[in-house]
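Chemist: Single-letter residue listing:
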Amino acid sequence: DAGVIQSPRHEVTEMGQEVTLRCKPISGHNSLFWYRQTMMRGLELLIYFNNNVPIDDSGMPEDRFSAKMPNASFSTLKIQPSEPRDSAVYFCASSSFRTNYGYTFGSGTRLTVV
Amino acid sequence: GNSVTQMEGPVTLSEEAFLTINCTYTATGYPSLFWYVQYPGEGLQLLLKATKADDKGSNKGFEATYRKETTSFHLEKGSVQVSDSAVYFCALSGITDKLIFGTGTRLQVFP
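Residue numbers (the numbering used here), protein chains in the order written: chain A, -3 to 110; chain B, 212 to 322.
It should be emphasised that the hints constitute simulated quantities derived from the structure, not laboratory data. Be aware that a few hints might be false.
What the hints assert, rightly or not - The calculated lysine-lysine pairs, modelled on DSBU-like cross-linking and capped at a C-alpha distance of 35 Å, are: (1) B/Lys288 to A/Lys74; (2) A/Lys20 to A/Lys64; (3) B/Lys288 to B/Lys267; (4) B/Lys309 to A/Lys20; (5) A/Lys20 to A/Lys74; (6) B/Lys267 to B/Lys279; (7) A/Lys64 to B/Lys279; (8) B/Lys263 to B/Lys309; (9) B/Lys279 to B/Lys309; (10) B/Lys288 to B/Lys309; (11) B/Lys288 to B/Lys263; (12) B/Lys279 to B/Lys263; (13) B/Lys263 to A/Lys20; (14) A/Lys20 to B/Lys288; (15) B/Lys271 to B/Lys288; (16) B/Lys271 to B/Lys309; (17) B/Lys267 to A/Lys20; (18) A/Lys20 to B/Lys271; (19) A/Lys74 to A/Lys64; (20) B/Lys267 to B/Lys309.
Unchecked claim - DEER-style ranges, computed between Cβ atoms: (21) B/Thr239 to A/Arg60: 20 to 26 Å; (22) A/Ser3 to B/Glu226: 23 to 29 Å; (23) B/Lys267 to A/Gly12: 38 to 44 Å.
Claimed, not checked - Far from chain B, by Cβ distances over 12 Å, these chain A residues were calculated: (24) Pro4; (25) Phe61; (26) Val110.
For each residue, glycine too, the CB sits at the ideal point set by N, CA and C.
Just chain A, with the same shape it has in the complex (with noise of 0.2 Å):
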C-alpha cells in the first residue's frame, strides 16, 4: 500500500487567493482527518470524516476553510481567501476499525502564503 497521499508537498500562495489541499487516505480506511500543525498552536484537528459524511468541523477555524470528501479514496481541503496567518503544514491521516483506531499520516503539504 502506499500509504496516506497528499499533494502537493509544497505550495506558495499570495494572499487572497484560493488554495486546495488533496488527500487520497488508505484504501479500505473509513475515517479521514485533517490537521494542521504550527509552532505556535501544536497539532490541531480541523475535520474528520467517517464514512465520507462530516463528523466533527468545530476545529475549523473560520469560514474561509471548507473540506469535501465526494467518495472514499478522496478528499479536499480548500481556503478561500487564505492569508499570511493559515500558513503552516496540513497532514491527512486515515484510519479503519481494523487498526483500532490508530492513525495513518501522510507526508503533508507545507502552505506558505505570502
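Here the structure of chain A is known, so what remains is to put chain B in place on it, guided by the hints.
Modeler: Showing chain B alone in chain A's frame:
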C-alpha cells in the same frame, strides 16, 4: 473530557543514554494508548500502542506500558541513538475514532 499530558521538552541526551518521556492521561472508559514519532519534515508515524491495562507496546527498542492505576503510558528506551532525534506524541482514543494528542516532546540526541 479526555486529555493527554506530556512532559515539556526539549529532552537532550547523549547517545546511548536511557530515555523516559512521561505521558499521563485522563479518560472515561478504557481508551487505547499510542505513541507517535515525527521526524523532521515528515508526518507522524505510529511507534507503538497498547489497547488494555498492563499491555506493553514495543517497537524499535522503545517500550511503553499501559498503567491504569497511575493513568500513565511513559515511553522508554534503554539506549538512544542520534537517529532517534524527533518529536514524540502521546495519544489516546476512546469510544470514537478520534485520537486525542499530547503537545509533543522534542528529543535531541547528541553523539
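Chemist: Hints first: check each against the structure and report whether it holds.
Modeler: How the hints compare with the structure:
1. B/Lys288 to A/Lys74: 41 Å, violated
2. A/Lys20 to A/Lys64: 12 Å, holds
3. B/Lys288 to B/Lys267: Holds, at roughly 13 Å.
4. B/Lys309 to A/Lys20: 19 Å, holds
5. A/Lys20 to A/Lys74: Given that 35 Å is the threshold and the Cα spacing comes to 15 Å, the pair holds.
6. B/Lys267 to B/Lys279: 12 Å, holds
7. A/Lys64 to B/Lys279: 38 Å, violated
8. B/Lys263 to B/Lys309: 17 Å, holds
9. B/Lys279 to B/Lys309: This hinted pair holds, its Cα atoms lying about 20 Å apart.
10. B/Lys288 to B/Lys309: 28 Å, holds
11. B/Lys288 to B/Lys263: 21 Å, holds
12. B/Lys279 to B/Lys263: With Cα atoms ~9 Å apart, B/Lys279 and B/Lys263 stay inside 35 Å; holds.
13. B/Lys263 to A/Lys20: Roughly 31 Å separates the two Cα atoms, so the pair holds.
14. A/Lys20 to B/Lys288: With Cα atoms ~34 Å apart, A/Lys20 and B/Lys288 stay inside 35 Å; holds.
15. B/Lys271 to B/Lys288: Holds, at roughly 9 Å.
16. B/Lys271 to B/Lys309: Distance ~26 Å between B/Lys271 and B/Lys309 Cα, so the pair holds.
17. B/Lys267 to A/Lys20: Status holds; Cα separation ~32 Å.
18. A/Lys20 to B/Lys271: 28 Å, holds
19. A/Lys74 to A/Lys64: 9 Å, holds
20. B/Lys267 to B/Lys309: 22 Å, holds
21. B/Thr239 to A/Arg60: 20 to 26 Å: 35 Å, violated
22. A/Ser3 to B/Glu226: 23 to 29 Å: Because 37 Å falls outside the window, the suggested range is violated.
23. B/Lys267 to A/Gly12: 38 to 44 Å: Violated: the Cβ-Cβ distance is about 52 Å, outside 38 to 44 Å.
24. Pro4: 15 Å, holds
25. Phe61: 18 Å, holds
26. Val110: The claim stands: A/Val110 keeps its Cβ more than 12 Å from every Cβ of chain B (closest is about 21 Å).
Hint compliance for this structure: hints 1, 7, 21, 22 and 23 are not met, and every other hint is.
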